[in-house]
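Based on the provided sequences and hints, a complete structural model is requested.
2 protein chains.
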Amino acid sequence: MRTIAAVDKYMNDAHRRQVEETAARCGFAVRFFPNGDALRGHETEYEVLYGHCSTDVLKASRNLKWFCCCYAGVEPYQDESVFPSPDTLLTNSSGAYGITISEHILMVTLMLLRRMPDFQEVVRQHGWLQSLPMRSICGSSITMLGTGDIGTNFARRAKALGAKTVRGVCRSRKPSDPAYDEIYTLNEMDAVLPLTDILVMALPSTKETACLFSKERIALLRPDALLINVGRGSTIDQDALMDALNEGRLGGAALDVMTPEPLPADHPLWDTKNLILTTHCSGNMSLGITCDINVNMFCEDLERYAKGEPLKHLVNRRLGY
Amino acid sequence: MRTIAAVDKYMNDAHRRQVEETAARCGFAVRFFPNGDALRGHETEYEVLYGHCSTDVLKASRNLKWFCCCYAGVEPYQDESVFPSPDTLLTNSSGAYGITISEHILMVTLMLLRRMPDFQEVVRQHGWLQSLPMRSICGSSITMLGTGDIGTNFARRAKALGAKTVRGVCRSRKPSDPAYDEIYTLNEMDAVLPLTDILVMALPSTKETACLFSKERIALLRPDALLINVGRGSTIDQDALMDALNEGRLGGAALDVMTPEPLPADHPLWDTKNLILTTHCSGNMSLGITCDINVNMFCEDLERYAKGEPLKHLVNRRLGY
Chain A
55 MRTIAAVDKY MNDAHRRQVE ETAARCGFAV RFFPNGDALR GHETEYEVLY GHCSTDVLKA
115 SRNLKWFCCC YAGVEPYQDE SVFPSPDTLL TNSSGAYGIT ISEHILMVTL MLLRRMPDFQ
175 EVVRQHGWLQ SLPMRSICGS SITMLGTGDI GTNFARRAKA LGAKTVRGVC RSRKPSDPAY
235 DEIYTLNEMD AVLPLTDILV MALPSTKETA CLFSKERIAL LRPDALLINV GRGSTIDQDA
295 LMDALNEGRL GGAALDVMTP EPLPADHPLW DTKNLILTTH CSGNMSLGIT CDINVNMFCE
355 DLERYAKGEP LKHLVNRRLG Y
Chain B
55 MRTIAAVDKY MNDAHRRQVE ETAARCGFAV RFFPNGDALR GHETEYEVLY GHCSTDVLKA
115 SRNLKWFCCC YAGVEPYQDE SVFPSPDTLL TNSSGAYGIT ISEHILMVTL MLLRRMPDFQ
175 EVVRQHGWLQ SLPMRSICGS SITMLGTGDI GTNFARRAKA LGAKTVRGVC RSRKPSDPAY
235 DEIYTLNEMD AVLPLTDILV MALPSTKETA CLFSKERIAL LRPDALLINV GRGSTIDQDA
295 LMDALNEGRL GGAALDVMTP EPLPADHPLW DTKNLILTTH CSGNMSLGIT CDINVNMFCE
355 DLERYAKGEP LKHLVNRRLG Y
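Residue numbers (the working numbering), protein chains in the order written: chain A, 55 to 375; chain B, 55 to 375.
These aren't lab readings, by the way, just hints derived from the structure by calculation. Values in this document were obtained by computation on a predicted structure and should not be read as measured data. Wrong hints could be hidden among the right ones.
Put simply, identical chains are the same to the list, so a pair is met inside one copy or across any two.
Claimed, not checked - BS3-like mimics (lysine-lysine), calculated; alpha carbons at most 30 Å apart, straight line:
id : residue 1 : residue 2
1  : Lys228    : Lys269
2  : Lys327    : Lys63
3  : Lys63     : Lys218
4  : Lys213    : Lys228
5  : Lys269    : Lys63
This is the structure:
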């Protein structure tokens, strides 16, 4: 029987049942594995793989025809040589993370605007401090660098919370969401940076985005601007960002992604000033709603796969997203 | 000439100009003071006082006819004996704090839902942790205890962010805002508590609200419920809340108000589990937009005062708000 291997680390019983029932309807059996490593020794047993695994397991999956990666970022799989065959289909789960990551962006944006790290330090010392200059999302100018699912989810939230102007900077597909007041191309970005209170980066790691946010672009931001990155660490000149923060040339930053990950314990990023660092946890599947959407997306594409229709979440390996 | 004393601690030049121009139109001169203490020695010189001061300064203000308190909470002024005359008018600035305090509520709610204190502790130790069970505002059931300016501002934001049900529990004036899915009276509150994911308390300190959120009511909340208080510390049985948090009978809490304030350095509240403590900073006037609204509200009531019309923000001293 045709078989699907599914990594069920974050699934609950309802998710497993949904995958099994969809698979049965499509003529597949499902075998669940607790994580990608558990696939070792079983690499030849499945036609479809849903989840996440290391590239050596992927390469050894000789009968694999479709790999549905449960993450949105697929940079380990951009190189065709990691697949058992050039015909292996790759889909990602871009679209499942907009809610959770936009809530993360909102949280760290408010923490920066409201000086929460300073207040938390006072509280840690059992001190009392009531007044520090604060700012509001109301009336702010927000620029989304990356206008996919994550960028657009945050754009909608920012607009609903009273942001004055929400600008989108997009690479290719122009978003049509009414949350954007203005849309720019990457080439036009530099004109927008000096107008920005809060810059949110939600870009994938591709050849085009590597170090896109250079020292020169950081210098175009105002000294009170906030920078938030939830895409990939490779898209920022991280050394230049550390310098700008330590020298007070930026209002603050929040990084959920960085280079390298995990960050070594002695890396200077840990102690950079006015920086909220999180450990790439913004898009974790531990948020139930993320797993709900993720499983839905796989099941919908499974129906298409079984009928021989084009997959909706297919990754263009040349572009990398 | 009739004189206004205005405490201008948080005002910028535009605010001062606005107060001066409105006063001139109404036949008043304005004298600015950097804080309430600076009024000492000048207590007999003004008919109107806008700002904040200690009760002894207030009592000594023999020619005072109207005190416009720049805060929303006026519990130090509930006792008629602190006024120079029973006829002295008292207005408050309830209505100026909805934006800033609702952004605070949103920030701490997301921090609790997304386990930010746990992640921050890992980061403080330069560790790496990606996965903890998280929750979302999307799909949540939110109960606002207090449906005034603050409660309604947060209700609107919660609804815009995808909350499933937003319930309001009101004391007297029924809010008509469409952000509320359901409205209950104080007497009906106990039925709603077990249905609540996130309980937000934004109540003034009055005789009616003292210890309103008792040990018995805390026990009606689910073990994963979150409790956020931005009103007054006196409205909660604080010892019972500490016990519930330390014993894991609540999902978490965030208190911006407590008893006493400032909190003594050796108070057990500082080290209570799953508690985000802030130092009564959620409604600080250091947020520009709060001061803008605050000054607007005073100037509008000043026009009414000069014409002998009823003041819009008059406090009912018997009710205390």
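Requested in this report: State whether the alpha carbon distance between Lys327 and Lys63 is at most 30 Å within one copy, between copies, both, or neither.
Outcome: Result: close only across copies, 28 Å inter versus 36 Å intra.
task = Evaluate Lys228 and Lys269 at a C-alpha cut-off of 30 Å and name the case that applies: within, between, both or neither.
result = within (27 Å within a copy, 54 Å between copies)
Intra/inter-copy verdict for Lys213 and Lys228 if alpha-carbon distance must be at most 30 Å:
So Lys213 and Lys228 pass the 30 Å test inside a copy (18 Å) and across (28 Å) alike.
key: Intra/inter-copy verdict for Lys269 and Lys63 if alpha-carbon distance must be at most 30 Å   = neither (40 Å within a copy, 38 Å between copies)
**Request:** Could you figure out if Lys63 and Lys218 sit no more than 30 Å apart (CA to CA) within one copy, between two copies, both or neither?
**Result:** between (41 Å within a copy, 27 Å between copies)
Going down the numbered hints, you'll see the structure goes against just number 5.
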